[in-house]
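S.K.: One letter stands for each residue in the lines below.
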Amino acid sequence: MTNSEAMASYKKMGFWERNKLSGGYLLKKVIGEKAVSIIRFILLFGMCFMIIQPILNKISVSFMTEQDLYNPVVISIPEHFTTANYRLAAELISLKEAVLNSFLISLTIAALQIAVCTLVGYGFARFEFPGKKFWFAMVLLVILIPPQTIASSLHLHFRYFDVLGIFKLITGETLNLRGSKLPYYLMSAGCMGLKNGLYIYMIRQYFRNIPGDLEEAAYVDGCGTLKTFFTIMLPQARPIITSCFLFAFVWQWTDGFYSRMFLGSTKLVSTGLSRIVDSLGAYIQRINGVKTTISVAYSNCILATGTLIIIVPIIVIYLFAQREFVESISSTGIKM
Amino acid sequence: MSKQKNKLAGLQKRKAISGYLFISPFIIGFLVFLVKPLFESLYMSFCNVDLSAGKITKTLAGLENFKFAFRVDPEYTRLLVEELSRMMVYSLAIIVFSFFVALILNQKFKGRALVRAIFFLPVILSSGVIIGLESNNQLMASLAQTIEQTTEGVSVTAALEDILRTAGVGVRAYEQVFEVIDNIYDVALASGIQIIIFLSGLQTISSSMYEAADIEGCTKWESLWKITFPMISSLFLVNWIYTVVDFCMRSDNQVIEKIQKVMIDQQQYGNASAMSWIYFVLVLAFVGITSYFISKRVYYYD
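Heads up: the sequence lines are chains A and B, in that order. Under my numbering, the very last position in the first sequence is 1065; numbers go up by exactly one each time. Under my numbering, the very last position in the second sequence is 1314; numbers go up by exactly one each time.
Be a bit skeptical, because a hint or two may be false.
As the list claims (entries may be wrong) - Taking lysine-lysine and the DSSO-like style, the derived pairs with C-alpha atoms no more than 27 Å apart in a straight line are:
| # | chain 1 | residue 1 | chain 2 | residue 2 |
| --- | --- | --- | --- | --- |
| 1 | B | 1048 | B | 1120 |
| 2 | A | 763 | B | 1232 |
| 3 | A | 757 | A | 740 |
| 4 | A | 825 | A | 861 |
| 5 | B | 1273 | A | 861 |
| 6 | A | 763 | B | 1120 |
| 7 | A | 910 | B | 1048 |
| 8 | B | 1273 | A | 1020 |
| 9 | A | 763 | A | 741 |
| 10 | B | 1120 | A | 740 |
| 11 | B | 1122 | A | 757 |
| 12 | A | 758 | B | 1238 |
| 13 | B | 1025 | A | 861 |
| 14 | B | 1079 | B | 1048 |
Claimed, not checked - Reference listing, derived: stretches of chain B covered by chain A, where coverage requires no fewer than 3 residues with Cβ under 8 Å from a Cβ of chain A:
| # | region |
| --- | --- |
| 15 | 1079-1089 |
| 16 | 1092-1102 |
| 17 | 1194-1205 |
| 18 | 1225-1236 |
| 19 | 1284-1294 |
| 20 | 1297-1310 |
These are calculated hints, taken from the structure and not from any lab test. The beta-carbon is built from N, C-alpha and C at its ideal position, and this holds for glycine as well.
One chain only, chain A, in its complex shape (with noise of 0.2 Å):
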């Protein structure tokens, strides 16, 4: 008997059979297998449940109305459905208009940002030079720095901004660009935005892992740099800026300390969200003509819907490209 009609014979057998013909191990395997796969489902649930739960939470709470929220019987059914606090979240949130401003800076400042990484990305991965050590030290420093400490002195900076002293020379006036855009665009252009550090560090490793042997074919060929770059390198790097281009624009969509202090004056979704219970407060005696203090339950309601609205989008962008943001992940982190 060949040993692959031996491996048939034994698969016709019984599950009992099997189990006294290995001396009783079958079944301890078998038992054992089952048993973790038991643990680790009710594990794994259990976590998953846990990070979903919020959102689940947040989605009942936001249709109902605030009767329901003191009743102690409703906990995730709403007995009064409404959608009345969809529409009182995006009026204090001014909806279309944040959406619309927070798309456009949101776009703008990640194409801006993804560009100039992706530029700087490159030349640390495939380019010698004197220094090049101590410029990625320097990258690596960016990442760590909290941008938190040197918010005071870039507050002052911007305030009074000026160029080697020559708008002061011109007008006799520093410049105010607090309030404007144009701070946080430069900021963008210089790498130096929200955590821009991290992508040049992405991009770079990923540069890194394409073979070398394409450029060099094209060097010989007498392709210029820039020509091999952007023909050859880069249709090569997609998956990688197109995974941080989402990044970049999903943590900009939702961030708050560079929104505050660069683009306070104009309406955003993260700065709305981060106000909405104050305006709601506002909203309130601007109707009642009191001073009324809001139940905490519906301001948090309130804020729960407003986060719904804000995060849809997010999560829309998640379905559909969870793949890039994963694995865009595994593959730079990996190596060191």
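Mind docking chain B on chain A? Use the hints.
M.R.: Showing chain B alone in chain A's frame:
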């Protein structure tokens, strides 16, 4: 021969120049928007900054601001100590948690992609303003309270906690652990990227190693410590640094809130700079020391 050498040097030079051109945006941005403000804020931390009449006047005041931060300000020292100890405990918890989850997710089972997607979801969702809002959600807190009251005595962790307390050994340590377990939600939220990094590390370990160990009679537990752990030990360093940095930059960080309050509401730029420098130096020292110790233990396969 020498001509060729010269030419090579020329090519290298050209490459070096184009390399510098490629990274020039970073260099400019770094000098203008980071180095300059950094030194300015360092200088300001030694100054009295006065913003009246539309002009900044800085007068040197020595260590006045630092003294203020440590001695006069009622909250700062307390917040600093609290935040740093929280950082240590939570970073450890996040590393352990994400390693554990990555080990589970590395096994083959149905719906793995879905679970991975869910664990990564917080990276996208709980960024920026949303995390700050989440942490003071009173509706959720009151809900949790009612649940705790109605299910009094049923909770497994509470029972376990009682048993361990009565044992009387290392009560402080247990309390830390239980605090982390109570806040497992925060830990899970903060460990999305770490899980993915560990997971991708685990997938690069060749299965032949495990097979060899299996044939030699190694149990799963032994091969976890003798194979898996050393093989991905370099990722512990990466994840540790990322976790600590991520933790100290979170917007619900109390020290940072305090600094923002001092800077924007009270307009005391000097004090705010001093406070943020103290915090930054402490965090950097923490990262440096711990990663030095971790990197001594890291095992590099190749």
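S.K.: Run every hint past the structure and note whether it holds.
M.R.: Each hint tested on the structure:
1. B/1048 <-> B/1120: Outside the cut-off at roughly 52 Å; violated.
2. A/763 <-> B/1232: Since the Cα atoms of residue 763 of chain A and residue 1232 of chain B sit roughly 16 Å apart, the hinted pair holds (cutoff 27 Å).
3. A/757 <-> A/740: holds, 18 Å
4. A/825 <-> A/861: This hinted pair is violated, its Cα atoms lying about 46 Å apart.
5. B/1273 <-> A/861: Judged against 27 Å, a Cα distance of about 39 Å means the pair is violated.
6. A/763 <-> B/1120: holds, 13 Å
7. A/910 <-> B/1048: Roughly 20 Å separates the two Cα atoms, so the pair holds.
8. B/1273 <-> A/1020: Status holds; Cα separation ~26 Å.
9. A/763 <-> A/741: Judged against 27 Å, a Cα distance of about 22 Å means the pair holds.
10. B/1120 <-> A/740: holds, 23 Å
11. B/1122 <-> A/757: The hint holds at about 22 Å.
12. A/758 <-> B/1238: Since the Cα atoms of residue 758 of chain A and residue 1238 of chain B sit roughly 23 Å apart, the hinted pair holds (cutoff 27 Å).
13. B/1025 <-> A/861: This hinted pair holds, its Cα atoms lying about 14 Å apart.
14. B/1079 <-> B/1048: Status holds; Cα separation ~25 Å.
15. 1079-1089: With 0 residues closer than 8 Å to chain A, the region 1079-1089 of chain B misses the three-residue bar; violated.
16. 1092-1102: violated (count 0)
17. 1194-1205: Held - the region 1194-1205 of chain B has 5 residues with a Cβ nearer than 8 Å to chain A, which meets the minimum of three.
18. 1225-1236: n = 0 at 8 Å, threshold three: violated.
19. 1284-1294: Three-residue rule met by the region 1284-1294 of chain B, so holds; n is 6.
20. 1297-1310: Violated - the region 1297-1310 of chain B has 1 residues with a Cβ nearer than 8 Å to chain A, which falls short of three.
In this structure, the earlier hints numbered 1, 4, 5, 15, 16, 18, 20 are contradicted, and the remaining ones agree with it.
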